[in-house]
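Construct the complete structure from the given sequences, taking the supplied hints into account.
Each protein sequence line maps, in turn, to chains A and B. Just so we're on the same page, the numbering used here is the position in the first sequence counted from 1, plus 8. The letter at position 149 of the second sequence is residue 133 when you use the numbering used here, and the numbering goes up by one with no holes.
Careful, some of the hints might be misleading.
Now the stretches of chain B that chain A is said to cover, found in silico as 3 or more residues with beta-carbon under 8 Å [stated by the list, open to error]:
| # | region |
| --- | --- |
| 1 | 24 to 33 |
| 2 | 62 to 70 |
| 3 | 87 to 95 |
| 4 | 125 to 135 |
Think of the hints as simulated: they come from the structure by calculation, not from any bench. Each residue gets a CB set at the ideal place from its N, CA and C atoms; glycine is no exception.
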Amino acid sequence: MSRTLNQANGDLLREFLSIADLLEEPRLAQLYAYLARDGEATTQDLIEALDLPQGTAYSYVDRLVDAGVIQVVSETPPRRYAAREIELTVTTADGEREYTITPALIDAVGRRETDADIDTYIDRHGIAGLATALTYTVERERGEMSHRLMARDLDISPLAAEIILQALRPIVHEHFDIETTGGSLADIEGVDTDFDDA
Amino acid sequence: MSAIHIGDTGLFVAIGDTKNRRYHAVRTFAYRNDIGFVLPERVYDELTANRSADRTPPIDAAIDDGWVRVADPLNYTIPLVSRVMDGVQRYIANADSRPEDEIERADAALAGVAAQAFSEGTANEAYVYTTDHDAGEGIETIFASEGYGDSITYINGFRFVNDLVD
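So this is what it looks like as structure tokens:
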């Protein structure tokens, strides 16, 4: 590897550090995830959608633009912003483990403030652990994995596996194309389903 | 016609705690239709093991309320029970590209409880509520190969709960 940090490497390093910031700060991650999911928005849209204080929202947007993970898509006021696609593969020094930072992972991290199950999982297994769990959730939703196999692979309890699989499921359905299988209420014969559960 | 409704771990995680709307919706559904959900012993063990470390689903509250019960121990001497259990285990091993001995018996137990009810004549129809699609599909496939295709239905636990609260 070259010892000279050329322009391209410098940009890459800057982007890497800004993505690391995203993973450290759930509210920053939330803002990025919102743009990645919902397309373009103004700062005012973000303030309303994410219930952010005005000053915080402007400073977050500036940081994300400086970091190059979101960009201005329309200069005419009010400015509109959009997320840039992120995909960063991290390999541990011994080369044994590898995980990919994607918008879905950033979205998951952004939800730790509002989802106790995701928060607990990150406390116990770190961001890398959450990235692994996200991969398992995609496979499970595609019918190629069960919570019991995940528990076995990762040496956690089947209940802990099921809990994080369920917490990550909405994120997987927003970011990936998933076909649902299995019956539902309408397939249960002879039951009364017309009632108010309140 | 009588039906047995067999629940997997995922269903009871999906309903949340006793204050949750989803818990109440599923309980009301059970009461209204005089349905008791049945759990294989292994599923009950999964839900209640390690109470301190994980968020514990309110399975004991549901049992006390009378709409959930733990299944009788499986009788492996009933040929249909052992056949479908082996079949489901093989199916999941194939679907997930794993050696068969890595597949937990809890998946197979869902099928075992249905087979035992069919063999003992306590039910002629079974619904299996799971959030593991490979298990659900496997159970339907194996019972179909045993000639019980019309008698068993895999219910996607997420869709079921969502439909009840929507």
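Hints, verified against the model:
1. 24 to 33: Holds, because 3 residues of the region 24 to 33 of chain B bring their Cβ atoms closer than 8 Å to Cβ atoms of chain A.
2. 62 to 70: The restraint on the region 62 to 70 of chain B is violated, since only 0 of its residues have a Cβ under 8 Å from chain A and three are required.
3. 87 to 95: Result for this restraint: holds, n = 4.
4. 125 to 135: Coverage by chain A is violated here, the residue count being 0 at a Cβ distance below 8 Å.
Going through the hint list in order, the structure does not satisfy hints 2 and 4.
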